[in-house]
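Visitor: Residue-level listing of the chains:
Protein chains: 2
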Amino acid sequence: MNGRKTNLPSRTVERFFLYSRFLKAKRERGAEYVFSHELSLAVGISPEQVRQDMRRLNVRGTPQKGYLIDAFLADLNECLGSAVTAKAVLIGAGNLGRALLSHFTLAWPSLKIIAAFDRDRKLAGSVIASCRIYNMTQLASVLKKEKPLVGIIAVPPDDAQQIADELAAGGVKGLLNFAPAAIKPARGVYLEQIDLLMALEKTAFFARNI
Amino acid sequence: MNGRKTNLPSRTVERFFLYSRFLKAKRERGAEYVFSHELSLAVGISPEQVRQDMRRLNVRGTPQKGYLIDAFLADLNECLGSAVTAKAVLIGAGNLGRALLSHFTLAWPSLKIIAAFDRDRKLAGSVIASCRIYNMTQLASVLKKEKPLVGIIAVPPDDAQQIADELAAGGVKGLLNFAPAAIKPARGVYLEQIDLLMALEKTAFFARNI
Chain F
61 MNGRKTNLPS
71 RTVERFFLYS
81 RFLKAKRERG
91 AEYVFSHELS
101 LAVGISPEQV
111 RQDMRRLNVR
121 GTPQKGYLID
131 AFLADLNECL
141 GSAVTAKAVL
151 IGAGNLGRAL
161 LSHFTLAWPS
171 LKIIAAFDRD
181 RKLAGSVIAS
191 CRIYNMTQLA
201 SVLKKEKPLV
211 GIIAVPPDDA
221 QQIADELAAG
231 GVKGLLNFAP
241 AAIKPARGVY
251 LEQIDLLMAL
261 EKTAFFARNI
Chain G
61 MNGRKTNLPS
71 RTVERFFLYS
81 RFLKAKRERG
91 AEYVFSHELS
101 LAVGISPEQV
111 RQDMRRLNVR
121 GTPQKGYLID
131 AFLADLNECL
141 GSAVTAKAVL
151 IGAGNLGRAL
161 LSHFTLAWPS
171 LKIIAAFDRD
181 RKLAGSVIAS
191 CRIYNMTQLA
201 SVLKKEKPLV
211 GIIAVPPDDA
221 QQIADELAAG
231 GVKGLLNFAP
241 AAIKPARGVY
251 LEQIDLLMAL
261 EKTAFFARNI
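Just so you know, the sequences run in chain order F and G.
Using the working numbering, read the first sequence as starting at 61 and increasing by one per residue.
Using the working numbering, read the second sequence as starting at 61 and increasing by one per residue.
Heads up, some of the hints might be wrong.
Remember, identical chains collapse to one label, so a pair may be satisfied in a single copy or spanning two.
[What the hints assert, rightly or not] Straight-line distance between alpha carbons at most 20 Å, and here's what the computed PhoX-like set of lysine-lysine pairs gives:
#	residue 1	residue 2
1	K147	K204
2	K262	K244
3	K147	K125
4	K84	K262
5	K86	K205
6	K205	K182
7	K172	K125
Derived from the structure by calculation, the hints contain no laboratory data.
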């Protein structure tokens, strides 16, 4: 990745999100303090790595009580900028797209899928999980008006690259691609790929051969 | 992973599945031959790596026509054992579980989700995408009778470890975990983890900072 404004590596960002998720859940259960070994066990990251990350974040605690969760979370939030709600669009409202829509809109309050698009004209105008489905021809104008940060791609593999290009042209800076296709993001666009079928196929393969 | 019967590393298995997927799609469009550079471009893997894999598979071709797709696919199938249909169960028929059910049963004919389970008694007896939902209390008896290879976990994070243990105790050899929780598989069980929210959060983070 060229030109990133952050110097946090991808693995560090992942660990910070895991910490943040665990701390929020723990605070919701009424806890005020957390021990590093407890955090390590919960997120499956070595105690050494957790302590190194905490030093980096400048989190302070005592051996008796552990670390103050609120202060820890404030540091993580500042680092991750996760207090801000991100706007996203979803491209492809087939089985997978609709599934993602009903899952994500409920599970991730800090991301808002503001619009979904599909080539199927019969879907245009319908609403799924409070999200309106537009015809694909309206993509450019909605991108121009709403300026979403993230594009979620759930189209057939042959269409994925073109959609990625259209999203980038419309100013989208991050792509989450579910289409089982190797796409090349435009310069200055971050790409995250999730290949659900690959994950299933790998699981079945190693389950047979373990 | 200890005691694997295969010596194929995870990355190699991934590449082989990508090749297989592309070759099947190409054959369906009527092609008989494929060039290595074409395969390389389509799956996003370097030409050197593709040629190295082809030598390993003993795939032969000519510079004029390329490689015979059928022979290539036969080698890949033998390696991956993917001609066999795998039985899977799905645990958790909430938003995500139902979404996976409607997506996977259509998209992956070589895996069959034979049963789904949920704690919610109101769901028991219903059928989604041709798959019957059972009450969680029936899990052990269905595992004993059906002997599925793979378990797909889509339960809340706090329940994931217990479900993983129950699946392993019932003879399941591969787990695909969608719950945002660090679970530890039993000895002799392969675990693949997909963290959808993490993927979205990472995409939003790097999109902001690119």
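Visitor: Could you run down the list of hints and mark each one as holding or not?
Guide: Each hint, compared with the structure:
Within a single copy, K147 and K204 get their C-alpha atoms as close as 13 Å, which meets the 20 Å cut-off; across copies the closest is 46 Å, which misses it. Proximity of K262 to K244 under the C-alpha cut-off of 20 Å is restricted to the inter-copy arrangement: shortest distance 18 Å between copies versus 23 Å within a copy. Proximity of K147 and K125 under a CA criterion of 20 Å is satisfied in neither setting, with 39 Å inside one chain copy and 48 Å between copies. Taking the shortest Cα distances, K84 and K262 sit within 20 Å of each other only across copies (18 Å), while inside one copy they are farther apart (32 Å).
Within a single copy, K86 and K205 get their C-alpha atoms no closer than 39 Å, and across copies no closer than 39 Å, so neither meets the 20 Å cut-off. In this assembly of identical chains, the alpha carbons of K205 and K182 never lie at most 20 Å apart, being 24 Å within a copy and 43 Å across copies at closest. When the C-alpha separation of K172 and K125 is checked against a cutoff of 20 Å, the pair qualifies neither within a copy, at 37 Å, nor between copies, at 50 Å.
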